[in-house]
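**Student:** These protein sequences, in sequence, are chains A and B. Under my numbering, the residue at position 216 of the first sequence is numbered 216, and the numbers go up by one with no gaps. Under my numbering, the residue at position 184 of the second sequence is numbered 184, and the numbers go up by one with no gaps.
Just so you know, the hints here were simulated from the structure itself, not pulled from any lab data. Don't take every hint at face value.
[Said to hold, decoys possible] Subject to a maximum C-alpha distance of 20 Å in a straight line, what follows is the list of computed EDC-like cross-link-like pairs (lysine to aspartate or glutamate):
| hint | chain 1 | residue 1 | chain 2 | residue 2 |
| --- | --- | --- | --- | --- |
| 1 | B | LYS110 | A | ASP28 |
| 2 | A | LYS107 | B | GLU239 |
| 3 | A | LYS107 | B | GLU108 |
| 4 | A | LYS39 | B | GLU88 |
Keep in mind that this is a model prediction, so the values were computed, not measured.
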Amino acid sequence: MTDYADSGPATPPTAPAGLVSGALRMGDYWLTVLARTWKGGVITTFVTPFFYVLALGVLLGGFVEADPATLEGADSYLAFVAPGMVAAHAMTIAFSEMTYPVYGMVKWQRIYFSMIASPLTASHIVLAQLGFLMLRTLFACGVFLLVLAPFGVFGTWWGLLMAWLVQGLVVLAFGTPVLLFSLSIKGEESFALIFRLGMIPLTLFSGTFFPVANLGPVLEKVAMASPLWQGVNLTRMLALGEIDWALAAVHVGYLGLLAGVCWWLAVRKLDERLVS
Amino acid sequence: MISARGLRKSFGDFEAVRGIDVSVRPGVAFGFLGPNGAGKSSTMRMICCVSPPSGGELRVFGMDPAKDGPKIKARLGVCPQEDTLDVELNVYDNLFVYGRYFGLPRAEVKGRIEELLDFVQLTDKAKAKVDDLSGGMKRRLTIARSLINRPEILVLDEPTTGLDPQARHVIWDRLFRLKQAGVTLLLTTHYMDEAEQLCDELVVMDQGRIVAHGTPLGLIQQHSTREVAELRFGVGEHEALAAKVEDLAERVEVLPDRLLLYSDDGEAVIEAVHSRDLSPVATLVRRSSLEDVFLHLTGRTLVD
């Protein structure tokens with residue numbers, strides 16, 4: 001046993017020079033979390049997408065004999081549903097990563113409080129957490145798209161690449177409001193609400209499994225206002241190579257604005273919870 | 001190192017800290033002693049830059065926490081009342097990721113972890129999950145974590161609350177070694193023995209104010225007698241019996257379960273009590289402590 005001694009090299013501890021450099025200091029934290037949790041994520045990342053494609057796209061889709069004119073440019077139901085499932089997958093990751101894990105960091109283990117005692121601030125913490133979420137989602141959706149590739153459902157390679165990249169935006173458009181929600185609630189029972197009234201209806205009625213035109217003129221407009229439809233339609237256009245660039249710009253603007261505003265609010269809310 | 005002038009903290013209508021003046025010099029172990037709700041933790045949170053002062057002036061390392069929070073925090077070690085460890089990571093990883101928050105190179109953090117695990121006697125637990133550690137071990141790990149940046153000031157909020165006596169003594173021993181190594185310690189406690197063991201200098205806080213300031217011994221000499229005779233009578237008799245013994249001591253305090261007679265010669269007081277045909281169920285003569293100082297200054301005991 002040694003006494004506490006200032007031996008060895010002594011780099012002075014510093015305040016981070018900027019937002020990104022501060023967030024990068026948390027890289028090892030998130031890598032450690034990943035090293036601990038990746039085994040559990042293998043099933044959701046690799047196996048679940050394959051099951052969905054097989055069950056809904058191939059086996060159920062085999063019964064769907066729709067006129068391609070009603071499938072928004074897809075030449076089969078599988079080609080129609082596949083991009084939608086990718087975007088819905090990104091949304092699901094945002095919900096699972098930004099609900100209970102975030103709540104635990106505020107309420108149960110209170111890890112955020114230890115982070116804020118270091119030179120890091122709420123802005124660094126949120127950037128690192130959302131950055132990790134985005135990278136993780138890009139990886140998961142990349143695998144999903146690779147699983148789909150052999151089915152021949154994509155238009156062009158560059159469309160596929162862009163469909164993959166926009167999942168980073170889709171996950172932020174859901175990750176930031178859900179993060180804000182998790183930082184704002186008083187009790188964990190509130191999560192049942194956003195899962196039942198948020199995630200599930202969004203998955204079912206935002207154009208993932210059927211064209212929103214099927215909902216009728218009024219509900220179609222409601223569905224089109226949902227962030228998931230914006231993400232699904234954007235992904236589908238890019239994946240199928242049937243791109244309306246003006247509409248694509250609207251989708252990107254919508255998702256970007258939602259993510260940006262909620263990001264800003266989430267930083268403020270986290271700061272409010274940690275600093276009082 | 002730290003200076004506060006007229007420092008205040010309010011939460012809505014509630015005033016947690018009501019204008020305190022504090023000055024902490026380098027290398028000193030400085031204590032905030034007081035019961036729960038005295039304003040100790042609120043003061044600590046302001047010093048740690050996680051609670052903006054509502055009024056007055058506060059400087060840490062000569063800097064303003066409102067403007068230079070991250071710079072100040074880089075040089076502080078914080079051991080909070082709750083451990084806030086990541087229970088799903090192992091002991092080693094808890095220290096490693098935390099060291100990285102301070103911008104320290106990986107190789108250097110690794111070297112420090114070895115040193116710190118040795119210091120807090122957790123080397124053989126390096127790969128253990130935090131969940132599997134005892135309360136005392138978790139506390140030691142939190143202290144090790146707070147030392148990863150080699151802080152100039154180590155802030156400890158109730159460092160041994162909730163620990164068994166043996167675990168408390170291990171923590172005290174470690175903190176004493178830090179003090180000898182020249183680390184400035186700032187600690188809050190509601191345990192008088194902890195304050196007496198560790199603090200060179202302390203303030204007694206009550207209801208958001210500082211009611212006394214000095215060394216543990218100096219405060220006892222100033223506000224109490226050398227000894228205290230404790231008399232325990234039957235339940236409910238203490239109030240009535242106080243009048244019969246009040247002339248035997250410099251001061252008498254009535255607690256629900258005993259009478260405290262303050263005198264420089266406790267044994268003589270006990271003899272005098274017996275000579276009046278009073279028969280306490282139990283008697284005890286002890287030296288005055290900070291508990292007595294607090295009782296004298298506020299009329300209340302430290303631990304509810």
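**Student:** I'd like to know which numbered hints this structure contradicts. Please list them from smallest to largest.
**Tutor:** 2 and 3
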